[in-house]
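Trainee: Next come the chains, spelled out residue by residue.
2 protein chains.
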Amino acid sequence: MALAAPSPQLLDELAQFFRLLSEPARLQLLCELKQGPCDVAALIERTGFSQSHISRQLSQLQRAGLVSCQRDGVRLIYRAEDALVDDLCELVQTRLRTRLESQLAQLGKA
Amino acid sequence: MALAAPSPQLLDELAQFFRLLSEPARLQLLCELKQGPCDVAALIERTGFSQSHISRQLSQLQRAGLVSCQRDGVRLIYRAEDALVDDLCELVQTRLRTRLESQLAQLGKA
DNA sequence: AACTTTTATGAGCATAGCAGCATAAACGGC
DNA sequence: GCCGTTTATGCTGCTATGCTCATAAAAGTT
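Protein chains in written order, with this note's numbering: chain X, 1 to 110; chain R, 111 to 220.
Read the hints as simulated data drawn from the structure, not as lab findings. Just so you know, even glycine gets a beta-carbon here, dropped at the ideal spot from N, CA and C. Don't take every hint at face value.
Stated by the list, open to error - So these bits of chain R aren't anywhere near chain X, every CB distance computed over 12 Å:
#1 Asp149
#2 Ala151
#3 Glu155
#4 Gln161
#5 His163
#6 Ile164
#7 Arg166
#8 Ser169
#9 Arg181
#10 Gly183
#11 Leu210
#12 Leu217
As the list claims (entries may be wrong) - Selected chain X positions facing chain R (Cβ under 7 Å, derived; list incomplete):
#13 Asp12
#14 Glu13
#15 Arg19
#16 Ser22
#17 Glu23
#18 Pro24
#19 Leu27
#20 Cys31
#21 Phe49
#22 Gln62
#23 Gly65
#24 Cys69
#25 Leu88
#26 Leu107
Said to hold, decoys possible - Short derived list, chain R residues pointing at chain X, Cβ under 10 Å:
#27 Cys141
#28 Gly175
#29 Val184
Given only the sequences and the hints, what does the whole structure look like? Please build it.
Mentor: What follows is the structure in structure tokens.
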């Protein structure tokens, strides 16, 4: 009987965490950072997002502990802090794939 | 080099999936259904949500294949379709806990 | 201190998504 | 057929959040 009647607080925190991952921009930033730590200028160049946009998204991810940053002079070097997101994405990705495959199979049968 | 530069489409689909889980109401419904299949009336009673609200959330979850339903006369019996959500929630829950613990330890040291 | 570079933040706009009300649609019983 | 029960859906308002512009704050240089 896993996850039996979780408290509203837990549900809220879970939902809040998933909400962080519910934005393609944030996922992309996380993926970029997973390639290795880099500064904001590099993120701007790679993603095409505006500086303020990136700054806001990163601060959200940082509050959740998914990224951290360290100063290098005037620049900030961000890094991905948690492998959990990787695992979650891979689980979901696998599911998306198998689901599409089964839909394909259904089409074939019909 | 996991998750290297995923396509925008994949990012969108991942984000869309996580968005489904970013709503406490939907998580709660999934949890209720995980206790076992049940009809909408029971869900209304257990959660206190309005009928239309529940219907909408369930339809979203159904489109994603996270729940399915089967007719019993005029009523619909819904059931949770995928253990993935359980796994995801447990992973995140574990992370939330360890994170709070480390924050506690930090407080102790300071 | 003044100036440059880099990042964070306040204000405003636009849009997405939730929540409720009313109503339509599906199903069964008569 | 009509009526009651259960679920889905159109419409509406509201809130939250993404995104941009402009500007402030932080850090280094001279």
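Trainee: Now, for every hint given, state plainly whether the structure supports it.
Mentor: Going down the list of hints, with the structure as the test:
1. Asp149: Holds: least Cβ distance 18 Å, greater than 12 Å.
2. Ala151: Answer for Ala151 (chain R): holds, closest chain X Cβ roughly 19 Å.
3. Glu155: For Glu155 (chain R), whose nearest Cβ neighbour in chain X is about 14 Å away, the distance exceeds 12 Å, so it holds.
4. Gln161: 21 Å, holds
5. His163: 15 Å, holds
6. Ile164: 15 Å, holds
7. Arg166: Check passes; 16 Å lies beyond 12 Å.
8. Ser169: 17 Å, holds
9. Arg181: 20 Å, holds
10. Gly183: Label holds. Min Cβ-Cβ 27 Å, cutoff 12 Å.
11. Leu210: Leu210 (chain R) is in fact no farther than 12 Å from some Cβ atom of chain X, at 10 Å.
12. Leu217: 15 Å, holds
13. Asp12: 5 Å, holds
14. Glu13: 6 Å, holds
15. Arg19: For Arg19 (chain X), the interface hint holds, since the closest Cβ of chain R sits about 4 Å away, which is under 7 Å.
16. Ser22: 4 Å, holds
17. Glu23: OK, holds: Glu23 (chain X) within 7 Å of chain R, min 6 Å.
18. Pro24: Result: holds, 4 Å to nearest chain R Cβ.
19. Leu27: Cβ of Leu27 (chain X) sits 5 Å from chain R, so the hint holds.
20. Cys31: Since chain R brings a Cβ to about 6 Å from Cys31 (chain X), closer than 7 Å, the hint holds.
21. Phe49: 13 Å, violated
22. Gln62: Status violated, d = 13 Å.
23. Gly65: It holds, given that the least Cβ distance between Gly65 (chain X) and chain R is near 6 Å, below 7 Å.
24. Cys69: 17 Å, violated
25. Leu88: Cβ of Leu88 (chain X) sits 6 Å from chain R, so the hint holds.
26. Leu107: 15 Å, violated
27. Cys141: Nearest chain X Cβ about 5 Å off; hint holds.
28. Gly175: Given a least distance of 6 Å, the restraint on Gly175 (chain R) holds.
29. Val184: 27 Å, violated
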